[in-house]
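Undergrad: Start from the sequences, fold in the hints, and give me the full structure.
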Amino acid sequence: MNSLPNDTILEVENLKMYFPVLRGLLRKKVADVKAVDDISFKVKRSETLGLVGETGCGKTTTGRCVLRLYRPTAGKILFEGKDITQLPEGKIRPFRRRMSLIFQDPYGSLDPRQSAGSIVGEPLKTHHMVSSNGEYQDRVEELFRTVGLDPSMTDRVPHEFSGGQRQRIGIGRALACNPSFIVCDEPISALDVSIQAQIINLLQELQEKLGLTYLFIAHDLSVVRHISNRLAVMYLGRIVEITDWKALYENPLHPYTKALLSAVPIPDPFVEEKRKRIILQGDVPSAVDPPTGCNFHPRCPIAIAECSQAVPPLRDIGGGHEVACIRV
Amino acid sequence: MSVLLNVNNLKTQFRTERGVVKAVDGVSYQVDEHEIVGLVGESGCGKSVSQLSVLQLIPDPPGKIVGGEVIFDGHDLLKFEANGAEMRSVRGGKIAMIFQEPMTSLNPVLTIGRQLTEMPELHFKMDHEAARERAIELLKLVGISDAADRISSYPHQFSGGMRQRVMIAMALSCNPKIIIADEPTTAVDVTTQAQLLELMADMVEKFNTSLVIVTHNLGVVARYANRIYVMYAGRIVESSTSKDIFGDPRHPYTIGLLKSVPRLDEPRGRKLVPIDGLPPNLIGMPPTCAFMPRCPYRVDKCKREPWPELRPVEGQHYISCYVDIRERQDELVTK
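These protein sequence lines are chains B and G, in that order. Here the first sequence stands for residues 1 to 328, where the numbers follow my numbering. Here the second sequence stands for residues 1001 to 1335, where the numbers follow my numbering.
The reader is advised that the hints may include incorrect statements.
Calculated pairs, BS3-like style, for lysine-lysine (alpha carbon to alpha carbon, straight line, at most 27 Å) [stated by the list, open to error]:
id, chain 1, residue 1, chain 2, residue 2
1, B, Lys42, B, Lys76
2, G, Lys1259, B, Lys276
3, G, Lys1243, B, Lys274
4, G, Lys1259, B, Lys246
5, G, Lys1259, B, Lys209
6, G, Lys1271, B, Lys246
7, B, Lys274, G, Lys1259
8, G, Lys1259, B, Lys258
If you only want the chain G side, here are some residues facing chain B, beta carbon under 10 Å, derived [what the hints assert, rightly or not]:
id, residue
9, Glu1042
10, Thr1192
11, Leu1197
12, Tyr1253
13, Leu1257
14, Asp1265
15, Gly1277
If you're looking for bench data, these hints aren't it; they were derived computationally from the structure. Quick reminder that beta carbons are idealized off the backbone N, C-alpha and C, glycines included.
TA: Below is the structure:
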């Protein structure tokens, strides 16, 4: 069944996800929100691809398309070599076992009236992964231990847990069906600073132990750098730069990436003294009516007239460092 | 530089069904003229409550300021009636506040102009035309283009970053001596955060005011703050210049915080060191150091003695801890 080399677990080609804007009594479509607008990338097995960008750039939508929680408007998604882009609900189920999602909000993503044990164990039942009650109990307890929770707490409900523990429950649920690929959608941004490191470390340990592949969505560039092998930077629905973590941080090429990196505060006044910030002017434009050509050009410090003409394609400038800018 | 605001042993409590929450438990700090002060801590450490207490904005009940003094302009603000004329002339006028959520702190049904002119009209008895002129000028200053037109817009027509700019303009509208910014950049993106911080630092220069930035993000204050106070469980556990706090932290909690976050400029591959355990529940706390259960350096004395007072370790550097981290450098490296 493999049409791809074994080391690519996910391949996304020219993915587009438009959401219609409906108006009026007849709910006529008046425009599209171009949440994801023609992006392509690959994720290799056992690696972490970080997806960074600011609010509304389409990173969460990308994650959800990849899991087929949305049916993409156009493009192709190949998971373990199989095209899942347009599979109907019934046929997508077997794939859902192999891929899962960790949510941002450990408060909103757990049913407050369900016990922690049944939250973690629900996917086992949904996907008929266990044959007996005993097996179910064993597996739930094993999952609890895997994510660093005390198995004696399975009967408790989410509000009895702290934020960090709740996120562990969410991770346990994500691991229930032995997935190979997990989309982590801002998994730590709702947690206290002193707790974040616990979850980051846990995710890294699990990856090592279980050979997991992550698509790690976050806006905190320091965290993404810490955890990712490769990174894709998104701006207004498009990927503007994609490369390995080292090249991105040491040699960022796209003007947006540069601005983004320079805006990240470093907790060290000595370093900050010498750092120069690139302050971008204005706000991110609307995804309903994005600027023509390169959609970053109205805010770009090095834009020229040509930038507003055509969409710059992602091109490899050597060593797998791809950037979508005609000025580079 | 002279002291502008002197907060002494401030205590604020909330009565809840489960017991009394000592949200702020003896906090002392000062703000000098023309100074940027950072107040850092995790959620629930009392950093916001302490600031709301300074302006007597604590809802009573359930909250109550039970002790301490807030000396500003030669008066103890806590002696003023919360809704009396004296307090109102300070609140919004001499001490202004910028809140975290610009959408919830702006009134959605009033125009930006109406909200910007309200304070000068109240505090300075400015007539409406003059106040409007001033509002337009302020909007220009905080970087809103077409200010004369945008002044008739409503908050929902502005983006998050622009709303926060409006909040900054509003705070500046009465030429305050101190601006308290409570998590001013938490709800916005990192590039917008950079814009706003830069703007606030500019305004401190232009308006010759002082700024208190309340934040959970150590990085945010590193660049701008002159002095930093680190809070934990309702108290200040460490205070010093920004350079000391980041370059030579002495309190185990500060050290823990710094080691638990990845940095953009460090070599990669360092394993993050999380702080064990959880932030404490502030109800019925034992008299001992609240960080002790999570502290990797705790000694027997910590378990016996009450939470230590702030003590000077070097110059302006204060910590509330019995342990001398310096003597235990080896552990620091291995832990």
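Undergrad: Next step is simple, just say for each hint if it's right about the structure.
TA: Evaluation of the provided hints:
no.: 1; hint: B:Lys42 to B:Lys76; result: holds, 12 Å
no.: 2; hint: G:Lys1259 to B:Lys276; result: holds, 24 Å
no.: 3; hint: G:Lys1243 to B:Lys274; result: holds, 14 Å
no.: 4; hint: G:Lys1259 to B:Lys246; result: holds, 21 Å
no.: 5; hint: G:Lys1259 to B:Lys209; result: holds, 24 Å
no.: 6; hint: G:Lys1271 to B:Lys246; result: holds, 17 Å
no.: 7; hint: B:Lys274 to G:Lys1259; result: holds, 22 Å
no.: 8; hint: G:Lys1259 to B:Lys258; result: holds, 26 Å
no.: 9; hint: Glu1042; result: holds, 5 Å
no.: 10; hint: Thr1192; result: holds, 7 Å
no.: 11; hint: Leu1197; result: holds, 8 Å
no.: 12; hint: Tyr1253; result: holds, 8 Å
no.: 13; hint: Leu1257; result: holds, 6 Å
no.: 14; hint: Asp1265; result: holds, 5 Å
no.: 15; hint: Gly1277; result: holds, 9 Å
Of the hints listed earlier, there is not a single one the structure fails to meet.
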